[in-house]
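Asks: Using the sequences plus the hints, can you model the full thing?
Each protein sequence line maps, in turn, to chains A and B.
Residue numbering for the first sequence follows this note's numbering, beginning at 1 and increasing consecutively.
Residue numbering for the second sequence follows this note's numbering, beginning at 300 and increasing consecutively.
Derived from the structure by calculation, the hints contain no laboratory data.
Source: prediction; values computed, not measured.
Just so you know, not all the hints are guaranteed correct.
[Said to hold, decoys possible] Calculated from the model, a selection of chain B residues having no Cβ within reach of chain A, i.e. all distances over 10 angstroms:
| id | residue |
| --- | --- |
| 1 | His-434 |
| 2 | Ala-442 |
| 3 | Ser-496 |
[Unchecked claim] Partial pick of chain A residues on the chain B-facing surface, computed with a CB cut under 8 angstroms:
| id | residue |
| --- | --- |
| 4 | Leu-52 |
| 5 | Ala-53 |
| 6 | Arg-68 |
| 7 | Pro-73 |
| 8 | Val-74 |
| 9 | Asp-82 |
| 10 | Asn-84 |
| 11 | Val-85 |
| 12 | Gly-89 |
| 13 | Gln-94 |
| 14 | Ile-98 |
| 15 | Ile-99 |
| 16 | Ala-102 |
| 17 | Gly-142 |
[What the hints assert, rightly or not] Cβ-Cβ distance ranges computed for the label pairs, FRET-style:
| id | chain 1 | residue 1 | chain 2 | residue 2 | range |
| --- | --- | --- | --- | --- | --- |
| 18 | A | Gln-194 | B | Arg-540 | 40 to 48 angstroms |
| 19 | B | Pro-321 | A | Asp-147 | 32 to 40 angstroms |
| 20 | A | Asp-147 | B | Ala-519 | 55 to 63 angstroms |
| 21 | A | Gly-170 | B | Val-402 | 40 to 48 angstroms |
| 22 | A | Arg-125 | B | Ala-304 | 24 to 32 angstroms |
| 23 | A | Arg-125 | B | Val-402 | 32 to 40 angstroms |
| 24 | B | Val-329 | A | Gly-170 | 51 to 59 angstroms |
| 25 | B | Arg-318 | A | Asp-147 | 27 to 35 angstroms |
| 26 | B | Arg-445 | A | Arg-68 | 39 to 47 angstroms |
| 27 | A | Ala-111 | B | Arg-318 | 18 to 26 angstroms |
| 28 | A | Thr-10 | B | Ile-489 | 42 to 50 angstroms |
| 29 | A | Asp-115 | B | Pro-321 | 27 to 35 angstroms |
| 30 | A | Ala-111 | B | Ser-514 | 54 to 62 angstroms |
| 31 | B | Arg-544 | A | Thr-10 | 17 to 25 angstroms |
Don't be surprised by glycine CBs; every beta carbon is placed ideally from N, CA and C.
Below, each chain spelled out in residue letters.
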Amino acid sequence: MSAITISRLTKRYGPVLAVDDLSFEVHPGKVTGFLGANGSGKTTTLRILLGLADPTSGSATIGGLSYRQLPDPVREVGAALDSNVFHPGRSASQHLKIIATATGLPHRRVAEVLDLVGLADAAGRRVGGFSLGMRQRLSLAGALLGDPGVLVLDEPLNGLDPEGIRWIRGLLRSLAAEGRTVLVSSHLLSEVAQTVDDVVVLSKGHVIAETTLSELTERGSVIRARTTDPTRLVAVLLAAGVQVRLVDDGTVEARGADAGVIGLAAAGAGLPILELSRHDEDLESLFFDLVHDRQEVAA
Amino acid sequence: MTATARLVRAEVRKLFTTRALPVSVAIAAVLAVAGVLIDALVAGKTGTPALGSTADTYQMLKVGALSSVVMLIIGILAAGGEFRHRTIMPALLATPHRARLFVVKVAVVAVFGAVFSAVIFGLGLGTVVATLAAHGIHYLPAATGRLYLGSVISGACFGMIGVALGALTRNTTGAIVAAIAWAIFVEQVILQAVAPSLEKWLPVGASMGLTNPPSASALAPAVAGLVLTGYAVVLLLFASRTTIRRDVG
Chain A
1 MSAITISRLT
11 KRYGPVLAVD
21 DLSFEVHPGK
31 VTGFLGANGS
41 GKTTTLRILL
51 GLADPTSGSA
61 TIGGLSYRQL
71 PDPVREVGAA
81 LDSNVFHPGR
91 SASQHLKIIA
101 TATGLPHRRV
111 AEVLDLVGLA
121 DAAGRRVGGF
131 SLGMRQRLSL
141 AGALLGDPGV
151 LVLDEPLNGL
161 DPEGIRWIRG
171 LLRSLAAEGR
181 TVLVSSHLLS
191 EVAQTVDDVV
201 VLSKGHVIAE
211 TTLSELTERG
221 SVIRARTTDP
231 TRLVAVLLAA
241 GVQVRLVDDG
251 TVEARGADAG
261 VIGLAAAGAG
271 LPILELSRHD
281 EDLESLFFDL
291 VHDRQEVAA
Chain B
300 MTATARLVRA
310 EVRKLFTTRA
320 LPVSVAIAAV
330 LAVAGVLIDA
340 LVAGKTGTPA
350 LGSTADTYQM
360 LKVGALSSVV
370 MLIIGILAAG
380 GEFRHRTIMP
390 ALLATPHRAR
400 LFVVKVAVVA
410 VFGAVFSAVI
420 FGLGLGTVVA
430 TLAAHGIHYL
440 PAATGRLYLG
450 SVISGACFGM
460 IGVALGALTR
470 NTTGAIVAAI
480 AWAIFVEQVI
490 LQAVAPSLEK
500 WLPVGASMGL
510 TNPPSASALA
520 PAVAGLVLTG
530 YAVVLLLFAS
540 RTTIRRDVG
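Replies: Pasting the structure below:
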């Protein structure tokens with residue numbers, strides 16, 4: 001059973017359809033990137049998942065239960081949705097102790113998570129004086145307080161310096177390696193590409209891709225072939241069921257195909273191959289193409 | 300420890316970990332003492348009742364209005380502040396049971412309001428007793444005990460009304476300005492001029508039946524207590540519906 005299941009989820013705010021019949025699953029032991037442009041419905045989905053908003057229809061469950069049905073939510077799900085959820089007059093330690101008190105967690109856990117996120121020295125400082133990066137770390141500390149099996153983080157890299165980004169990537173990988181379910185939203189694929197195993201891409205409230213990162217990367221790769229008769233090679237490859245096109249300089253470009261298949265097809269047709277090379281489109285361009293194509297179709 | 304008991308402790312911790320509380324307590328304490336001392340200084344002058352007279356001592360014991368106003372503000376900050384600073388999000392993640400969270404917050408603020416009002420009235424009363432004793436007067440009016448109890452009830456009720464207003468408006472500044480504008484302009488200026496018989500049935504008018512000395516124009520203390528509690532309950536019912544149903548984020 002998947003840890004997180006979003007099933008036919010729809011959320012409407014008056015005339016605005018924020019999330020439209022959304023379905024996907026997030027599995028334990030992996031970091032899943034929840035990607036989409038700003039306004040694509042990511043945060044709305046996460047709020048519904050965490051019981052902060054009600055769906056118009058459909059469901060969002062964790063281990064088969066809605067967040068509000070979980071017997072001990074903080075020990076089961078850690079969530080960091082926003083870096084501005086602190087009273088500026090309270091210290092980092094006081095903020096976490098309030099959560100620990102409400103949920104029956106031992107107060108020593110507060111010192112442990114502050115140490116874990118690198119805020120041990122700032123434990124007694126008022127949050128009003130924190131930088132955005134420090135607030136992000138404090139949000140993450142709140143999510144980790146109950147040592148949960150499921151983590152839901154909304155744009156956790158915002159405001160972090162390069163060292164912080166590197167640290168959080170390592171932390172998320174290690175949490176997933178422990179068998180936890182980690183769902184991380186971002187509007188930049190490149191931001192999470194070094195961290196995620198799976199990706200769910202959202203556009204205008206719809207899932208437009210639910211796949212592994214490697215499969216997504218594969219989708220963005222092309223094999224380029226040069227031959228003495230490119231028009232014939234195109235015909236041969238199309239007949240073999242390969243998605244192919246002839247580019248301006250006489251090169252044949254095949255998307256999502258294996259170089260060996262192209263080489264064998266060319267050899268079978270008696271066509272000499274002068275060059276056969278693989279080119280990977282950068283992930284951000286691929287992500288942009290995915291989202292942009294979908295938005296154009298929707299328009 | 301039960302979930303509700305843990306939540307009570309968390310809400311108490313929330314109250315005591317912001318500057319609003321010590322600042323409010325300090326201001327109320329200073330005003331309570333200063334009010335009595337100033338009154339004692341001007342007593343018997345320019346036509347005011349003499350020091351030690353029943354009328355003057357009652358005037359000095361009108362401390363309940365002060366603690367009620369402060370509790371109204373503390374209640375608004377306790378509930379509205381959760382939305383202003385968005386601490387409602389971690390609060391609801393820790394306690395998804397919204398009704399329980401709301402009831403506990405109301406109860407904690409109400410109890411704090413009662414204790415706070417008792418302390419402030421006690422401080423004012425102590426200053427009155429000491430001031431009168433310094434002038435060789437050892438007398439307190441008969442209704443002193445009733446004013447003490449009335450102030451405690453009024454403080455608790457205004458704390459609850461504050462929580463309701465904070466939760467309904469989700470805007471601390473707007474709620475405080477609106478509440479004070481209502482109390483001063485609508486009730487005390489407009490309605491007292493236009494419909495004086497109606498004013499005593501409204502929240503501030505009812506609270507005067509509890510915190511002010513006996514008067515023919517005010518509600519009887521028991522009736523005033525019921526009316527003020529009724530306002531608090533009705534506003535809390537409205538606020539609980541929106542707090543429980545509305546999306547957060």
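Asks: Hint by hint, say whether it matches the structure.
Replies: Each hint tested on the structure:
1. Every Cβ of chain A is farther than 10 angstroms from the Cβ of His-434 (chain B); the closest lies at roughly 43 angstroms, confirming the non-interface assignment.
2. No Cβ of chain A approaches the Cβ of Ala-442 (chain B) within 10 angstroms, the least distance being about 40 angstroms, so the stated non-interface status holds.
3. Here Ser-496 (chain B) stays apart from chain A, with its beta-carbon at least about 44 angstroms from theirs, past the 10 angstroms limit.
4. Residue-level restraint check for Leu-52 (chain A) holds (minimum Cβ-Cβ distance to chain B is 4 angstroms; threshold 8 angstroms).
5. Restraint check, Ala-53 (chain A) versus chain B: the minimum CB separation of about 4 angstroms is within 8 angstroms; hint holds.
6. A cut of 8 angstroms between beta carbons decides the hint on Arg-68 (chain A): the least distance to chain B is about 4 angstroms, and the hint holds.
7. Interface hint status for Pro-73 (chain A): upheld, as the beta-carbon distance to the closest one in chain B is roughly 6 angstroms, under 8 angstroms.
8. For Val-74 (chain A), the shortest C-beta to C-beta distance to chain B is roughly 6 angstroms, which falls under 8 angstroms, so the interface hint holds.
9. The restraint placing Asp-82 (chain A) at the interface with chain B holds, with a minimum CB-CB distance near 6 angstroms, inside the 8 angstroms limit.
10. Because the smallest distance between the Cβ of Asn-84 (chain A) and any Cβ of chain B comes to about 6 angstroms, under 8 angstroms, the interface hint for this residue holds.
11. For Val-85 (chain A), the suggested interface contact is upheld, since its CB lies about 5 angstroms from the closest CB of chain B, less than 8 angstroms.
12. With a least beta-carbon distance of about 5 angstroms to chain B, the hint placing Gly-89 (chain A) at the interface is held under the 8 angstroms criterion.
13. Of the supplied interface hints, the one on Gln-94 (chain A) holds, with its beta-carbon coming within about 5 angstroms of a beta-carbon of chain B, less than 8 angstroms.
14. Among the interface hints, the one on Ile-98 (chain A) holds; its C-beta lies about 5 angstroms from the nearest C-beta in chain B, closer than the 8 angstroms criterion.
15. Checking Ile-99 (chain A) against chain B by beta carbon gives a least distance of about 5 angstroms; that is within 8 angstroms, so the hint holds.
16. Below 8 angstroms, beta-carbon pairs count as interface contacts, and Ala-102 (chain A) has one with chain B at about 4 angstroms; its hint therefore holds.
17. For Gly-142 (chain A), the interface hint holds, since its Cβ comes within 8 angstroms of a Cβ in chain B; the closest pair sits about 6 angstroms apart.
18. A C-beta distance of roughly 47 angstroms is found between Gln-194 (chain A) and Arg-540 (chain B), which places it inside the suggested range of 40 to 48 angstroms.
19. Between Pro-321 (chain B) and Asp-147 (chain A) the beta carbons are some 34 angstroms apart, a value that agrees with the proposed interval 32 to 40 angstroms.
20. Between Asp-147 (chain A) and Ala-519 (chain B), the C-beta spacing of about 57 angstroms keeps the proposed range 55 to 63 angstroms intact.
21. Separated by about 43 angstroms at the C-beta atoms, Gly-170 (chain A) and Val-402 (chain B) satisfy the suggested range of 40 to 48 angstroms.
22. Distance hint check: the CB atoms of Arg-125 (chain A) and Ala-304 (chain B) are about 30 angstroms apart, consistent with the given range 24 to 32 angstroms.
23. For Arg-125 (chain A) and Val-402 (chain B), the Cβ-Cβ distance of about 33 angstroms falls inside the hinted range of 32 to 40 angstroms, so the restraint holds.
24. Look at Val-329 (chain B) against Gly-170 (chain A): about 53 angstroms separates their beta carbons, and that is inside 51 to 59 angstroms.
25. Against the hinted window of 27 to 35 angstroms, the Cβ-Cβ separation of Arg-318 (chain B) and Asp-147 (chain A) comes to about 32 angstroms, which satisfies the hint.
26. Evaluation of the 39 to 47 angstroms hint for Arg-445 (chain B) and Arg-68 (chain A) yields a pass: the beta carbon distance comes to about 46 angstroms.
27. Taking 18 to 26 angstroms as the suggested C-beta distance range, the pair Ala-111 (chain A) and Arg-318 (chain B) conforms, at roughly 24 angstroms.
28. For the pair Thr-10 (chain A) and Ile-489 (chain B), the supplied restraint of 42 to 50 angstroms holds, since their beta-carbon distance comes to about 48 angstroms.
29. In this structure the hint that Asp-115 (chain A) and Pro-321 (chain B) lie 27 to 35 angstroms apart at CB holds, the actual value being about 29 angstroms.
30. Our hint of 54 to 62 angstroms for Ala-111 (chain A) and Ser-514 (chain B) holds, since their Cβ atoms are close to 57 angstroms apart.
31. Our hint of 17 to 25 angstroms for Arg-544 (chain B) and Thr-10 (chain A) holds, since their Cβ atoms are close to 18 angstroms apart.
This entry satisfies every hint, going by the numbered hints stated previously.
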